[in-house]
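Protein chains in written order, with my numbering: chain A, 93 to 509; chain B, 93 to 509.
Incorrect hints may have been included.
Claimed, not checked - If you want the footprint, here are the derived chain A segments under chain B, 3+ residues with CB under 8 Å:
(1) 133 to 146
(2) 161 to 175
(3) 231 to 240
What the hints assert, rightly or not - Straight-line alpha carbon distances no greater than 25 Å define the calculated DSS-like cross-link-like pairs of lysine-lysine that follow:
(4) A:211 / B:217
(5) A:373 / B:431
(6) B:426 / A:427
Note that these hints are calculated values from the structure, not bench results.
No residue lacks a Cβ here, since even glycine has one placed at the ideal position from N, Cα and C.
Number of protein chains: 2
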Amino acid sequence: MKQSLLFTKTKREIREEEKSLNAVLLIKAGCIDKLAAGIYTFLPLGLKVLRKIEQIIREEMDVIGGQEILMPALTPREKWEITKRWENFDALFKLKGIDDKEYALGATHEEVVTPLAQKFIFSYKDLPQYIYQIQTKFRNEPRAKSGLLRGREFSMKDLYSFHADEKDLNNYYEKVKTAYFKIFERLGLKDITYLTLATGGAFSRFSHEFQTLAASGEDTIYICPKCKIAYNKEIIETITQCETCRLASKDFKEAKAIETANIFKLGTRFSAAFNFKFIDKDGAEKDVIMGCYGLGPSRIMGTIAEINNDKKGIIWPETVAPYQFHLILLSPDKKLAKKAEELYNELIKAGFEVLFDDREESAGVKLNDSDLVGLPYRIILSDKTAKEDNVEIKPRNSEKIELVKIKNLSNYLKKLK
Amino acid sequence: MKQSLLFTKTKREIREEEKSLNAVLLIKAGCIDKLAAGIYTFLPLGLKVLRKIEQIIREEMDVIGGQEILMPALTPREKWEITKRWENFDALFKLKGIDDKEYALGATHEEVVTPLAQKFIFSYKDLPQYIYQIQTKFRNEPRAKSGLLRGREFSMKDLYSFHADEKDLNNYYEKVKTAYFKIFERLGLKDITYLTLATGGAFSRFSHEFQTLAASGEDTIYICPKCKIAYNKEIIETITQCETCRLASKDFKEAKAIETANIFKLGTRFSAAFNFKFIDKDGAEKDVIMGCYGLGPSRIMGTIAEINNDKKGIIWPETVAPYQFHLILLSPDKKLAKKAEELYNELIKAGFEVLFDDREESAGVKLNDSDLVGLPYRIILSDKTAKEDNVEIKPRNSEKIELVKIKNLSNYLKKLK
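Please model the entire structure based on the sequences and the hints provided.
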């Protein structure tokens, strides 16, 4: 992409009253725009990040047998009445349509997926099933001041599993844990993300959250330093020792964290409500056992920005960066501009993701902008580097500069990957 | 995908009261599920179709310089008040959130994209810009009885262009026409899709629709048989002769059609409302000139189903089919099952898109299901074909059957593409 054509520009200062670090960084970089509190547009650079995060999640869901569907955002009141959540679910957006039909904007989709699965699952032979979607969700959030961390409209991956018995649910639940850690690994967040025990339900003592350490996190967790399991503040008073290694809870380490994912054994909570039964091997009619597994791509994007930055702007991890390389022409010379354009075309042809700063701006502006946008590698072509047929390469996350011959550039970049 | 694992099953009969042909076909095939009137879930097979349609559109938008973004569905009332459409826009879903904040669910996005573009466009140097999204839209439709053709929640590609002058808008408008015909060509709809003149606005006498012939179409168009331009019924009384070739309008042919796309010269309608100006080359402040260009992926999916079918089910065009090949094992023989599985793995490894019917069902059920699902090619492995190391290949849209040696299958299938 040529930066001279890019829809967005970076912003040095933000006029709007926006205090959340991730939103400030992402708005300055031209990744998102704020339409209203908790409601953002994803701009060209930001949408690329979001899509890469979603694709990583999609691939790992597919590995564990997930089948992707897309459920509606408009969900009829009747479904929520059946589960008694029309009145009780926290922060549902509600609206009325033609003929006084009432809808909630989906904040979660048990009310849709359960009767849906009921149309296709009749016997133990039809089980298990693993269904997920990556979809826009809505919550009528009272506090929507944390940028992408707490949106009124946000992207969510929600997976639902259906099982004949508890043992099968437990097996799959562990598989999802592994898949989630794989996702956090690919997102560069694994080392600071903790499997965290949290409030369970009628069906299991605990649910599990994935909490990613961040100073701005809304959650407080207590980490067992021995086995790296954490406990959410909401249950810590009920814990005297680590569930895994028996270390006394007084030795846990307190930390602030962002809940980036959660998994929950629903049991028969929803199948019972919808009278969703199957015929088991023994001929008996039984309630289907369910699990649900959430992970928010837009919240993850906010978390990544919140964690990966310096005073100058965002530092995108390679796996989710909008482009890998920022090719910057630092010269008013027409001949060099032509050379830069050739180099850009060559890199694109070789399959590299390149943002090419071909604008008529000062070196200062271009270098500042490059740091704000935060692509993993900056490639500078200037009068000085061109003299020796070089470009200068610097990773965004270090000060180490290398000179590389232009003719060797393609091979050099390939090795970076 | 192994059909034994597929979440969905085909349905011979539909219990729900559903009269629209596309919805009946798509529900029977297990492509969509109806949650409420005009509100559908896209199931694994259907979501693949939708994504392929979206990807074709995306690629052609990128060819004409479109930059993809993603705007929110929740749009604040204030924006709609500025354009005086809060009360006047047809079929807006409206809702209230925390602190009595009012929102419309986006049915179109001029109210969001105009103030957004205003944040990045200041001078003629920043123009033109072409911004699009592929996003879920909402309309409080009084009549939502046409399946995917008229949804209360639906997928839409909306492109907005921003120009310094009318000439530049006109040039781009023609480019979009060409891109749209390219899209219809790739979707297999070009020959039955007509550029159709329809009501314009203050800025231009006509807008343009793309109308695709279909018996179930809600629109009536009048086609000039000489130059293939059509006229929407809403304006036909004002037309005495063809705008292009001067043929008398009495010689036009009447036809039923589905409006699959529309393009519109907005002029300064929205830029004036938002006071969105730029500094031109001559130093003067001028209103930005805009165009908007819609095309609905889910409506296109409904149109394709509506047009491509026979008594037995859908006949997917290759470019949008959920899978290209339906490999069907017709034998209870364990050894042959193993051979079929090997063949399936081999085809997947070679990069083919294959749905493998490995279920323990009768030949009748499997062949019926295969026609219902409607993949472009059926590949049968049975005791009979296996005797000569053959499979039997039949396109969904013809009765022509060919026997192909199993060892030559990969090469044979490659040539089909």
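Q) Quick check: the region 133 to 146 of chain A, covered by chain B? Criterion 3+ residues, Cβ under 8 Å. A) holds (count 6)
Q) Within the assertion that chain B covers the region 231 to 240 of chain A, do at least three residues meet a Cβ-to-Cβ distance smaller than 8 Å? A) holds (count 3)
Q: Take the C-alpha atoms of residue 211 of chain A and residue 217 of chain B, compute the straight-line distance between them, and say whether it is at most 25 Å.
A: Outside the cut-off at roughly 56 Å; violated.
Q) Okay, the region 161 to 175 of chain A and chain B, do three or more residues pass the C-beta test at under 8 Å? A) holds (count 8)
Q. Has the given pair, residue 373 of chain A with residue 431 of chain B, been kept, meaning a C-alpha gap of at most 25 Å?
A. It is violated: about 29 Å lies between the C-alpha atoms, which goes past 25 Å.
Q | Pair hint outcome, residue 426 of chain B versus residue 427 of chain A [Cα-Cα no greater than 25 Å] | A | This hinted pair is violated, its Cα atoms lying about 70 Å apart.
Comparing the model with each earlier hint shows violations of hints 4, 5 and 6; every other hint is respected.
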